[in-house]
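Peer 1: Model the placement of chain W on the given structure of chain U, informed by the hints.
As they're listed, the protein sequences go chains U and W. Residues 1 to 139 in our numbering are what the first sequence lists, from first letter to last. Residues 1 to 139 in our numbering are what the second sequence lists, from first letter to last.
It is worth saying that the hints were derived from the structure and are not from the lab. Just to be clear, a hint being listed does not mean it is correct.
Where chains are identical, the list cannot tell them apart; a pair therefore holds if satisfied intra-copy or between any two copies.
Straight-line distance between alpha carbons at most 20 angstroms, and here's what the computed EDC-like set of lysine to aspartate or glutamate pairs gives [stated by the list, open to error]:
# : residue 1 : residue 2
1 : Lys-79    : Asp-51
2 : Lys-79    : Asp-8
3 : Lys-79    : Asp-25
4 : Lys-79    : Asp-44
5 : Lys-79    : Glu-121
6 : Lys-79    : Glu-48
7 : Lys-79    : Asp-14
8 : Lys-79    : Glu-126
9 : Lys-79    : Asp-103
All values reported here derive from a predicted model rather than from experimental measurement.
2 protein chains.
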Amino acid sequence: MSETFTLDPRLAADTRLLASLPLCDVRLMDDARYGWLVLVPRRDGLVEIADLGEGEQATLWREVNRAGAALRATMPCDKLNLGALGNIVRQLHVHVVARREGDAGWPGPVWGHGQREPCAEGALHERMAALRQALAAPG
Amino acid sequence: MSETFTLDPRLAADTRLLASLPLCDVRLMDDARYGWLVLVPRRDGLVEIADLGEGEQATLWREVNRAGAALRATMPCDKLNLGALGNIVRQLHVHVVARREGDAGWPGPVWGHGQREPCAEGALHERMAALRQALAAPG
Numbered sequence: 001m002s003e004t005f006t007l008d009p010r011l012a013a014d015t016r017l018l019a020s021l022p023l024c025d026v027r028l029m030d031d032a033r034y035g036w037l038v039l040v041p042r043r044d045g046l047v048e049i050a051d052l053g054e055g056e057q058a059t060l061w062r063e064v065n066r067a068g069a070a071l072r073a074t075m076p077c078d079k080l081n082l083g084a085l086g087n088i089v090r091q092l093h094v095h096v097v098a099r100r101e102g103d104a105g106w107p108g109p110v111w112g113h114g115q116r117e118p119c120a121e122g123a124l125h126e127r128m129a130a131l132r133q134a135l136a137a138p139g
Numbered sequence: 001m002s003e004t005f006t007l008d009p010r011l012a013a014d015t016r017l018l019a020s021l022p023l024c025d026v027r028l029m030d031d032a033r034y035g036w037l038v039l040v041p042r043r044d045g046l047v048e049i050a051d052l053g054e055g056e057q058a059t060l061w062r063e064v065n066r067a068g069a070a071l072r073a074t075m076p077c078d079k080l081n082l083g084a085l086g087n088i089v090r091q092l093h094v095h096v097v098a099r100r101e102g103d104a105g106w107p108g109p110v111w112g113h114g115q116r117e118p119c120a121e122g123a124l125h126e127r128m129a130a131l132r133q134a135l136a137a138p139g
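Just chain U, with the same shape it has in the complex (with noise of 0.2 angstroms):
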């Protein structure tokens, strides 16, 4: 894709890129409470979903089943939670995001509850690692 894109500078700030998929930057959310992963089609001006021709929201769900994928390779999940929200960061984004039972904000959402943890440096980077290389896997 060669048309412009600029990420919003909170997401900017909370997240840090591990893979750029066909339409979707994957961004790994520092917060040590969850595994939280962010996607932001990288195309400027995209608010809601239904901004995205039909091919290239299914292109965004494939690519979110994939994230899912990655997070469940990768550590404990007892429930997948995705969310599509905006009213704060208006650039398209989607989250989706591994939970536990028992985890800072179970049974409730993420979003909303309590402050970001940011992750020890070296726990982040092999989080980061291990979800690059499930990121990479086939299928």
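Peer 2: Chain W in isolation, oriented as in the chain U frame:
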């Protein structure tokens, strides 16, 4: 679909049936605070979106778009919120919520925020009639 389907009793208690689309029942959350739809694929045993086949997932997202369009057509909406959590009710269901700036939970998520406020009976029926008409509209 001739497969068995039993709606979770908590979803049954909080929502009213609006329409049966090819895959999902579309139900209105009886909550005066938000325009809030819940889509439930009519098949037992589904927990994660990935439990649906690829074609069924495409149908699910098409029906989610249709639900979002029906909300936009019938009430004020500054942002659609989409969520699939299932931490409490495990039966697969997708939330589609019309948010307004300054609504009861703004800008936080609707999930886990405050108590449901059932609609007055007249307002509920008016909302259901408008949404049914919008859901039945082509396109």
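Peer 1: Now, for every hint given, state plainly whether the structure supports it.
Peer 2: Here's how the hints hold up against the structure:
no.: 1; hint: Lys-79 / Asp-51; result: between (28 angstroms within a copy, 12 angstroms between copies)
no.: 2; hint: Lys-79 / Asp-8; result: between (28 angstroms within a copy, 17 angstroms between copies)
no.: 3; hint: Lys-79 / Asp-25; result: neither (23 angstroms within a copy, 22 angstroms between copies)
no.: 4; hint: Lys-79 / Asp-44; result: between (31 angstroms within a copy, 17 angstroms between copies)
no.: 5; hint: Lys-79 / Glu-121; result: neither (26 angstroms within a copy, 35 angstroms between copies)
no.: 6; hint: Lys-79 / Glu-48; result: between (25 angstroms within a copy, 8 angstroms between copies)
no.: 7; hint: Lys-79 / Asp-14; result: neither (23 angstroms within a copy, 22 angstroms between copies)
no.: 8; hint: Lys-79 / Glu-126; result: neither (22 angstroms within a copy, 36 angstroms between copies)
no.: 9; hint: Lys-79 / Asp-103; result: within (11 angstroms within a copy, 29 angstroms between copies)
The structure fails to meet hints 3, 5, 7, 8 from the earlier list, while all remaining hints are met.
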